[in-house]
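Student: What follows is the residue order along each chain.
2 protein chains.
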Amino acid sequence: MVTHMKWWGWGKESVSFSPSDKPDLAPFIRTHIGLDITRLPAQPPAFADLTIADPVLPEPLRAALVDAAGAEHVTTDAQARVVHAYGKSLRDLVRVRNHDLGRLPDVVVYPGDEEAVRAVLAAALAADAVVIPFGGGTNISGSLEAPRTETRPVISVDLGRLDRVLEIDADARLARVQAGALGPGLEEQLAAQGWTLGHFPDSFAHSTLGGWIATRSSGMQSDKYGDIAEITRAVRVVTPAGVLVTRPVPSQSTGPSVREMILGSEGRLGIITEATVQVHRVPEQRVILGYFFPTWDAALLAMREIAASEAAPTVTRVSDANETRFSFATRKRGSLASSLVSAGMKQYLRRVRRYDLDQMCLSFIGFEGSPAHVKAQRKLVGAIVARRGGICVGTGPGQLYDQKKFDTPYIRDFLLGQGAMADVSETSTSWSQLGPLYRGVVARANKAFAEIGVTGWIMCHLSHSYHSGACLYFTFAYASPVTLEAIDGYDTVKSAIQQGFIEHAGTLSHHHAVGVEHARWLADDISPAGVRLLTALFDGIDPGRNLNPGKIVPGVDVAPGLADSAGPDSAGPDSVSPAGSDPR
Amino acid sequence: MVTHMKWWGWGKESVSFSPSDKPDLAPFIRTHIGLDITRLPAQPPAFADLTIADPVLPEPLRAALVDAAGAEHVTTDAQARVVHAYGKSLRDLVRVRNHDLGRLPDVVVYPGDEEAVRAVLAAALAADAVVIPFGGGTNISGSLEAPRTETRPVISVDLGRLDRVLEIDADARLARVQAGALGPGLEEQLAAQGWTLGHFPDSFAHSTLGGWIATRSSGMQSDKYGDIAEITRAVRVVTPAGVLVTRPVPSQSTGPSVREMILGSEGRLGIITEATVQVHRVPEQRVILGYFFPTWDAALLAMREIAASEAAPTVTRVSDANETRFSFATRKRGSLASSLVSAGMKQYLRRVRRYDLDQMCLSFIGFEGSPAHVKAQRKLVGAIVARRGGICVGTGPGQLYDQKKFDTPYIRDFLLGQGAMADVSETSTSWSQLGPLYRGVVARANKAFAEIGVTGWIMCHLSHSYHSGACLYFTFAYASPVTLEAIDGYDTVKSAIQQGFIEHAGTLSHHHAVGVEHARWLADDISPAGVRLLTALFDGIDPGRNLNPGKIVPGVDVAPGLADSAGPDSAGPDSVSPAGSDPR
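One line per chain: the protein sequences are A and B, in this order. Using full-length UniProt numbering, the letters of the first sequence map in sequence onto residues 1 to 584. Using full-length UniProt numbering, the letters of the second sequence map in sequence onto residues 1 to 584.
No wet-lab data here; the hints were simulated from the structure. It is possible that part of the hints are untrue.
Said to hold, decoys possible - Residues on chain B that point at chain A, a partial pick, calculated with CB under 10 Å:
hint	residue
1	Leu40
2	Pro256
3	Val258
4	Thr492
5	Trp521
6	Lys551
As the list claims (entries may be wrong) - Restraint-style ranges between C-beta atoms, simulated for each label pair:
hint	chain 1	residue 1	chain 2	residue 2	range
7	A	Thr149	B	Gly112	43 to 53 Å
8	B	Gly112	A	Thr483	38 to 48 Å
9	A	Glu284	B	Lys405	34 to 44 Å
10	B	Cys392	A	Ala443	54 to 64 Å
11	A	Thr149	B	Ala53	51 to 61 Å
12	B	Asp171	A	Arg350	22 to 32 Å
13	B	Asp171	A	Tyr348	27 to 37 Å
14	B	Cys392	A	Gln285	23 to 33 Å
15	B	Gln285	A	Ser18	49 to 59 Å
Said to hold, decoys possible - Straight line, CA to CA, 27 Å or less: simulated DSSO-like cross-link-like pairs of lysine-lysine:
hint	chain 1	residue 1	chain 2	residue 2
16	A	Lys12	A	Lys404
17	A	Lys224	B	Lys224
18	A	Lys375	B	Lys375
19	A	Lys224	A	Lys379
20	B	Lys224	B	Lys405
21	A	Lys375	B	Lys224
22	B	Lys375	A	Lys379
23	B	Lys12	A	Lys379
24	B	Lys22	B	Lys379
25	A	Lys332	A	Lys12
26	A	Lys224	A	Lys332
27	A	Lys22	A	Lys12
28	A	Lys224	A	Lys405
29	B	Lys346	B	Lys379
30	A	Lys346	A	Lys332
31	B	Lys12	B	Lys404
32	B	Lys12	B	Lys22
33	A	Lys332	A	Lys375
34	A	Lys224	B	Lys375
35	A	Lys405	A	Lys6
36	A	Lys405	A	Lys12
37	A	Lys224	B	Lys379
38	A	Lys404	A	Lys224
39	A	Lys22	A	Lys332
40	A	Lys375	B	Lys379
C-beta: ideal position from N, C-alpha, C; glycine also.
Generate coordinates for the entire structure from the input sequences, incorporating the hints supplied.
Tutor: If you want it as structure tokens, here you go:
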């Protein structure tokens, strides 16, 4: 039995965000975005109020799907169709609250093995239907939705039944895992044998291995374990050209890497059924330490120096001053975090350390391994932090962060209920561009808030460090009616932030994929020739555009607000300069 | 002025391999392959004896190339055409000694900047000519040669004038470097500012950054610095679809990585003009230690344990018993290495450590960084080595290895002069498959030696370690006439080894690229669907197959001995299953 998140929001039915035990939050939000969150929230939408279009499913296709996956695994049930219609972007959440469901899939299929996936794809291609693979449904880039104008039957292929760890090779530290395995189930199966994958995206509780691969996901401990692109050593993918099977070799020079072509492919090349992934022994010791830095600039400098040092921490995370203040505002009564900002601590920071508390930045740095290793790494990091005026505040806040890290997405639904739009946008750039990008994006966001006439809030943290740069993760919010019309304002802000990334040498997304949400910046990011490489690949493998059409390379209207800016139609093979034309 | 290697062999005119100061080598070779290397060698071929076909170069194309690159940078000189006709594979060396030059390029162009490269490609496409990029010419997979049956004009584009480090971003630890920079010049320019790239393939002295990227190269210190795929953070490539420009961001989720599509593309997508690469501060300390292990199995186990430990050495290398004995046989009179195997040492190993000296394996492990870091890493590695019965023999042999590491390719020319074929083949596989693959390949090679009626020699070393596996690098030799007919025998042996890789979960090449030499195993390695992905990409971007045709995906007869086994013709876009067909 495959379970899903709330059809209208994030996570489990039984879980929601509550401000009641966080006394500082309501005043904080009132001050910064002028919203009173103590009112009774708007109710989530009622399923009975939705208008569900009848499915378009020709009988021969239905029969073929039943043949492929079994009758009990093929459904046209209305709620199943709605659950599979979109992901959990802010745009999705606003639309569903306004009963705008877009182009629902006509049928949901749950294949039980690779052969069934193959048969489903064959049936789909034979019927000229559209196929959209579905993992956990957490995507926030519009990767799961059918084009609004799609007239062919749309099949959502839910991989949820493919949820097993098939084999662990202890010598090679590799595990063969089915693509539909959800984070917790996957870690549980590995932990039973003393292993971990070490991949913990914010969406961990509800996202799948196949989804991580299809979107080039990163996790909170990727500094140590690597992004999913590095963790994934081999893939099995059902494509129109047959089942792609790569070998789990550690490195190879077999032309352009086909494994890499699957990473980030968002279903446009086929359906991922299995991957061979690197696994690690559960570490002996695991510590996340909290640090304070006097300023954001000092903190960024320290992170850069840590990346260039012989220390190799598991987690490097630092919040800007705004996010630090927000963190304090969400502390619970009597929690460890509250002691952090006790009067005594504040006095020490102000008087002895000469901190301006409004500029102070909270950081978490994680360490894993043997006690000797952890000790040595802590010492290296501690020296760098101290040189930049930072201080260690112990394991308390880190433990709290660690326990609560997967709860953040629930806040968006809470705020929507209260009448506020809140969303995220992340990028990566080189260490030298990090400061200018940060300032440029904040300035652009504030200008956009003014443009749409709201009091907006933007905050940021550095979430991953690499040799040459880092990921910056922005969160923004403002009070707004939660209507379809209000999406225009959201687009103004979100676009300003994305444009800031592009202007300051950043990428359109560090780990949330392109989907349709970010497609309009693709040519700016990887250059028009880069888009041509992608188009050549997609159109060569899927000339009928049956596989999740319109994603990555834009060209089809999927969701309101994206139509005008979706850029040129994806180029077919004949638009690549033929022999004889000028290469510019 | 761009200089080149010997037109008929490896390296500088003034350098060659000599056995005269290595007293044990001649007896060793006599014993193991029955060859007397004390005879006067055959002379290398004389250029005057070659028959050079006239170039096919329509005047409008010549004029356009002159416009693009300048008259003094466009040549149809016979020796320039021969130098650019092939790489330095054993097949190439045997053929040139027999005056078989294949399909020479008609013209060699040396563009001086990216705009000139763009103009050259435009002229070539306008004239329906073939374009083959040329870096240092060290390729051993046939990647540089035009198809023998090519009737269109063939242009070799030598990137040698694009040899500068353009910019170093010290904060981001990134350097912008032109693609034609040779290893030594590149390291010199970086060292002048205190930096290193840390990429040292065997070919280092004569190969270029662009060549490394086009073939997914690895270097001797890649355990620390990463393979070129990791080092290369951004590329600029002149393609038929325009100039591809990617951003030097540390990680991104912009769909399938176009940067990765260029890595290993062997000129099939365009001409690489520039890359942004990770650079590192020259380490404070650098040590390569020698170790002995009692057996190959014990050594492999130790390497696996080191990879799984908290140690992160720069180099992990271990020779099997055969290669260890060969190393001893090449020691110089009175050298450090000779003291290693002094009578006293032998006695100690035999009597105290109970080594069977015929099974003993020599290993080098490198460490870099601060003295404290090096000390800690040595200690971790030392404990693992000791647990597997190994002993440390100090820095002497490592220093010698370090000094001599780039000289190995000269031996092939020496042996050809003496009447022996010697070549290499490398793969990678998971730690659990390493032992079976090694035994399988050695058995297959020995069977092949018997089949062609020679006394052959095969030896191996592990050259790179990763999380989940390692690279095994095989070298083989046997006495043979150096004739075109004798290439059949060589093919039998080389194919047996490659087939052994494929049978035992290895890849067709870890870092020597596909070219035409390995193309027949591509579908076995990445599956037929993987080949379809590559074909879709190549044919979509280069529908006229003007860009280095026949490489990676086979289909064109390039060199003798490959014609029969070259596999199916590369599939055009129309052979990808259209909508409606069965996906198998």
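Student: Now tell me, hint by hint, if it's right for this structure.
Tutor: How the hints compare with the structure:
no.	hint	in the structure
1	Leu40	violated, 39 Å
2	Pro256	holds, 4 Å
3	Val258	holds, 4 Å
4	Thr492	violated, 23 Å
5	Trp521	holds, 9 Å
6	Lys551	holds, 8 Å
7	A/Thr149 <-> B/Gly112: 43 to 53 Å	holds, 50 Å
8	B/Gly112 <-> A/Thr483: 38 to 48 Å	violated, 59 Å
9	A/Glu284 <-> B/Lys405: 34 to 44 Å	holds, 37 Å
10	B/Cys392 <-> A/Ala443: 54 to 64 Å	holds, 58 Å
11	A/Thr149 <-> B/Ala53: 51 to 61 Å	holds, 58 Å
12	B/Asp171 <-> A/Arg350: 22 to 32 Å	holds, 31 Å
13	B/Asp171 <-> A/Tyr348: 27 to 37 Å	holds, 32 Å
14	B/Cys392 <-> A/Gln285: 23 to 33 Å	holds, 29 Å
15	B/Gln285 <-> A/Ser18: 49 to 59 Å	holds, 55 Å
16	A/Lys12 <-> A/Lys404	holds, 15 Å
17	A/Lys224 <-> B/Lys224	holds, 14 Å
18	A/Lys375 <-> B/Lys375	holds, 16 Å
19	A/Lys224 <-> A/Lys379	holds, 18 Å
20	B/Lys224 <-> B/Lys405	holds, 18 Å
21	A/Lys375 <-> B/Lys224	holds, 22 Å
22	B/Lys375 <-> A/Lys379	holds, 16 Å
23	B/Lys12 <-> A/Lys379	violated, 49 Å
24	B/Lys22 <-> B/Lys379	violated, 34 Å
25	A/Lys332 <-> A/Lys12	holds, 22 Å
26	A/Lys224 <-> A/Lys332	violated, 30 Å
27	A/Lys22 <-> A/Lys12	holds, 21 Å
28	A/Lys224 <-> A/Lys405	holds, 18 Å
29	B/Lys346 <-> B/Lys379	holds, 25 Å
30	A/Lys346 <-> A/Lys332	holds, 18 Å
31	B/Lys12 <-> B/Lys404	holds, 15 Å
32	B/Lys12 <-> B/Lys22	holds, 21 Å
33	A/Lys332 <-> A/Lys375	violated, 30 Å
34	A/Lys224 <-> B/Lys375	holds, 22 Å
35	A/Lys405 <-> A/Lys6	holds, 19 Å
36	A/Lys405 <-> A/Lys12	holds, 16 Å
37	A/Lys224 <-> B/Lys379	holds, 22 Å
38	A/Lys404 <-> A/Lys224	holds, 21 Å
39	A/Lys22 <-> A/Lys332	holds, 5 Å
40	A/Lys375 <-> B/Lys379	holds, 16 Å
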